[in-house]
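Those protein sequence lines, which keep their order, are chains V and Y. For what it's worth, our numbering labels the leading residue of the first sequence as 140, then goes sequentially. For what it's worth, our numbering labels the leading residue of the second sequence as 8, then goes sequentially.
Source of the hints: derived by calculation from the structure; they are not laboratory data. Mixed in with the good hints, there may be bad ones.
[Claimed, not checked] Distance windows between CB atoms, simulated:
1. V:LEU256 to Y:LEU138: 43 to 53 Å
2. V:LEU262 to Y:THR76: 33 to 43 Å
3. Y:THR76 to V:GLN200: 13 to 23 Å
[Unchecked claim] Restricting the straight-line Cα-Cα distance to at most 30 Å, the calculated cross-link-like pairs of lysine-lysine (BS3-like) are:
4. V:LYS197 to V:LYS187
5. Y:LYS68 to V:LYS187
6. Y:LYS65 to V:LYS187
7. V:LYS246 to Y:LYS65
8. V:LYS197 to V:LYS222
9. Y:LYS65 to V:LYS188
[Unchecked claim] Computed footprint of chain Y on chain V, listed as stretches where at least three residues anywhere in the stretch have a Cβ under 8 Å from a Cβ of chain Y:
10. 154-162
11. 234-244
12. 249-262
These numbers were taken from a predicted model, which means no experiment stands behind them. Backbone N, C-alpha and C fix where the C-beta goes; we use that ideal spot for every residue, glycine too.
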Amino acid sequence: MNWIYDPWPWYISGPMIALIMFLLLMVGKNFGMSANLRTLCTICGADKKVDFFNFDWKSQQWNLIVILGASFGGFLAAHFLSKDLAVAISTETINNLNELGFSSAGKSYLPNELYGLQAFLNLKSILVLVIGGVLVGFGARYAGGCTSGHAISGLSDLQLPSLIAVVGFFIGGLTMVHLIFPLIFK
Amino acid sequence: MRTLIYVVIGILFGITMFKSEAASWFRIYEMFRFESFHMYGIIGSALALGVIVVQYIKKYKIKSFYGETIYFHPKAKSFRRYFYGGIIFGLGWALAGACPGPMFTLVGAGFLPIGIVIISSLIGTYIYGLLKDNLPH
Numbered sequence: 140m141n142w143i144y145d146p147w148p149w150y151i152s153g154p155m156i157a158l159i160m161f162l163l164l165m166v167g168k169n170f171g172m173s174a175n176l177r178t179l180c181t182i183c184g185a186d187k188k189v190d191f192f193n194f195d196w197k198s199q200q201w202n203l204i205v206i207l208g209a210s211f212g213g214f215l216a217a218h219f220l221s222k223d224l225a226v227a228i229s230t231e232t233i234n235n236l237n238e239l240g241f242s243s244a245g246k247s248y249l250p251n252e253l254y255g256l257q258a259f260l261n262l263k264s265i266l267v268l269v270i271g272g273v274l275v276g277f278g279a280r281y282a283g284g285c286t287s288g289h290a291i292s293g294l295s296d297l298q299l300p301s302l303i304a305v306v307g308f309f310i311g312g313l314t315m316v317h318l319i320f321p322l323i324f325k
Numbered sequence: 008m009r010t011l012i013y014v015v016i017g018i019l020f021g022i023t024m025f026k027s028e029a030a031s032w033f034r035i036y037e038m039f040r041f042e043s044f045h046m047y048g049i050i051g052s053a054l055a056l057g058v059i060v061v062q063y064i065k066k067y068k069i070k071s072f073y074g075e076t077i078y079f080h081p082k083a084k085s086f087r088r089y090f091y092g093g094i095i096f097g098l099g100w101a102l103a104g105a106c107p108g109p110m111f112t113l114v115g116a117g118f119l120p121i122g123i124v125i126i127s128s129l130i131g132t133y134i135y136g137l138l139k140d141n142l143p144h
C-alpha cells in the first residue's frame, strides 16, 4: 500500500484533470478557477465601487464550493496521502536553483525561501509573492481565464482565443524564468 | 445534494493538483526551463482526453446528469486581451509558481505564505476591474 504515498505520474494526473472537467460539464458547469477571484472581490464589496464586479455572485456559489473542496483536498493529500513531500525535479533544475540561492530545491514541496514561515519576515519574499499574485489576478481576468479555463476547458473546446492566451502564458512564463529570474535572484 | 457533488469534485481536484505536483512551484519552474516532461505530460494528456470528451458531448448532444443541455460558452473573438492578458498571467504564474486553482489547494496543505499570493491576486483582479475600460481588448 506504500504506492498510495507516491506522487502521481503524469499519465494518472492528466486524465484525472480531464475527468474533473467532464464531471463539471455533466453537472452543467464549466471548469474555470480564476472566476472565483472576481466572485470573492464582489463578496468583499468591490461591486459598490467598480461596475465590473456588479453581477449576481450567487450564480458562482458552486465554484466557491469547488475551491473550498480543493482546499480540503490539499489538506487530505498533504497530511494523509503523502509521506515525503520532496518534489523530484530534474538534476539540471536543482543545480540551476541552487545557483540562484534556492537551497531547498529537490528537498521540499515548495521553496522554503518563498513559502516557508520565514517568508513572512523577508521583504524580498513578500514582494515576490505580492507581485506574482497581482500579476496572476490581473492577467487571468484580462485574458478571461487561467490555466483551467483556457489551457484545459478552452483548448478542449478548440477555442482560438484560448490558444492565443496559452501562447501568452508561455511567453510570460519563459520571460520570467529566463530573463527576469537571473536579475532578481542571485 | 448538488452542494455535496461540488465538494466532492473540488476534493478530487485538490488531491489531483497536490499529488500531481502541479501545485509545486518547482514543477512550474522546471516546466518553463524544459527540463522535464512531467507538466507537459499532464497538460497534454488532460487536453487530448478533454478534446475527445468535449467533441463527443457536442457531436452526440449528450445531456447533463440532470437531463439538461450542456452549454459551451465560446470566447469573444479578439487578439489583444488574450495575448496581453496571457503574458501578464504567465509572468505571475512563473513568479509565484501557483495558478488560481492550486493556490487554494496549497492553503489546505498548510503553506501559509500562499495567503499573500491569494490576497494579492484579489487585488490584481480588482485593479483589472478598475482599469478595464481603459485597456485594449
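Tested hints:
{"no.": "1", "hint": "V:LEU256 to Y:LEU138: 43 to 53 Å", "result": "violated, 34 Å"}
{"no.": "2", "hint": "V:LEU262 to Y:THR76: 33 to 43 Å", "result": "violated, 53 Å"}
{"no.": "3", "hint": "Y:THR76 to V:GLN200: 13 to 23 Å", "result": "holds, 21 Å"}
{"no.": "4", "hint": "V:LYS197 to V:LYS187", "result": "holds, 16 Å"}
{"no.": "5", "hint": "Y:LYS68 to V:LYS187", "result": "violated, 41 Å"}
{"no.": "6", "hint": "Y:LYS65 to V:LYS187", "result": "violated, 39 Å"}
{"no.": "7", "hint": "V:LYS246 to Y:LYS65", "result": "violated, 45 Å"}
{"no.": "8", "hint": "V:LYS197 to V:LYS222", "result": "violated, 39 Å"}
{"no.": "9", "hint": "Y:LYS65 to V:LYS188", "result": "violated, 40 Å"}
{"no.": "10", "hint": "154-162", "result": "holds (count 9)"}
{"no.": "11", "hint": "234-244", "result": "holds (count 3)"}
{"no.": "12", "hint": "249-262", "result": "holds (count 8)"}
The structure fails to meet hints 1, 2, 5, 6, 7, 8, 9 from the earlier list, while all remaining hints are met.
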